[in-house]
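From first to last, the protein sequence lines stand for chains F and Y. To convert, note that position 85 of the first sequence is 85 in my numbering; the numbers rise steadily by one, no gaps. Quick note, my numbering runs 113 ahead of the 1-based positions in the second sequence.
Keep in mind that the hints are not guaranteed to be accurate.
As the list claims (entries may be wrong) - Listed next, the stretches of chain F that the computed footprint assigns to chain Y, with coverage defined by at least 3 CB atoms under 8 Å from CB atoms of chain Y: (1) 53-66; (2) 88-95; (3) 98-107.
These aren't lab readings, by the way, just hints derived from the structure by calculation. Where a beta carbon is used, it is the ideal one built from N, C-alpha and C, also for glycine.
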Amino acid sequence: AQSVTQLDSQVPVFEEAPVELRCNYSSSVSVYLFWYVQYPNQGLQLLLKYLSGSTLVKGINGFEAEFNKSQTSFHLRKPSVHISDTAEYFCAVSDQGAQKLVFGQGTRLTINP
Amino acid sequence: DTAVSQTPKYLVTQMGNDKSIKCEQNLGHDTMYWYKQDSKKFLKIMFSYNNKELIINETVPNRFSPKSPDKAHLNLHINSLELGDSAVYFCASSPGQGANQPQHFGDGTRLSIL
């Protein structure tokens with residue numbers, strides 16, 4: 001069965017600093033990988049996805065993620081964060097050919113001025 | 114125009130009551146979902162419908178019954194509400210039923226059981 005582990009429940013960073021949010025998954029087959037962002041009192045929005053091809057994926061709002069098959073990781077990065085990036089970030093995985101996503105437990109990103 | 118809209122946004126009710134949450138999407142998508150997000154922000158799928166047919170039915174108490182009158186609507190009815198049902202319920206939709214399809218979420222319905 002697939003599972004997703006987000007290694008940090010909270011990540012505080014200063015404005016304009018770089019950030020990395022970590023995500024590891026377990027699956028015995030090929031996977032699709034996603035990062036979603038949830039702003040306060042809102043639903044989730046897709047940041048980026050990896051389906052196939054280039055392992056470096058660029059998303060909205062300056063975020064990118066790198067798929068590392070050997071380490072079963074899909075870490076999310078941004079070189080310089082803004083106050084508006086304060087939100088909960090969710091990593092999700094699905095086996096290719098499956099119909100449902102399995103979500104990690106979320107990482108709360110807090111940006112300090 | 115809101116793409117995925119849920120009503121109500123907040124629902125406060127007593128234990129034992131029956132309540133419904135409605136969801137509508139205007140994206141022309143074929144697939145819709147219900148998720149439950151608990152107090153620790155953990156998000157878990159409950160049901161999914163593709164073109165009005167049930168395709169995912171996770172281990173959920175049978176007090177929860179989804180209904181899809183057409184592919185633009187997916188409602189969730191909950192009987193005999195319990196304290197543990199308190200959560201935020203999210204509706205989502207996607208163009209098709211494959212997990213590679215991006216999902217669009219509503220803003221959630223915050224259900225509080227007294």
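To see whether the hints hold, each was checked on the structure:
{"no.": "1", "hint": "53-66", "result": "violated (count 0)"}
{"no.": "2", "hint": "88-95", "result": "holds (count 4)"}
{"no.": "3", "hint": "98-107", "result": "holds (count 7)"}
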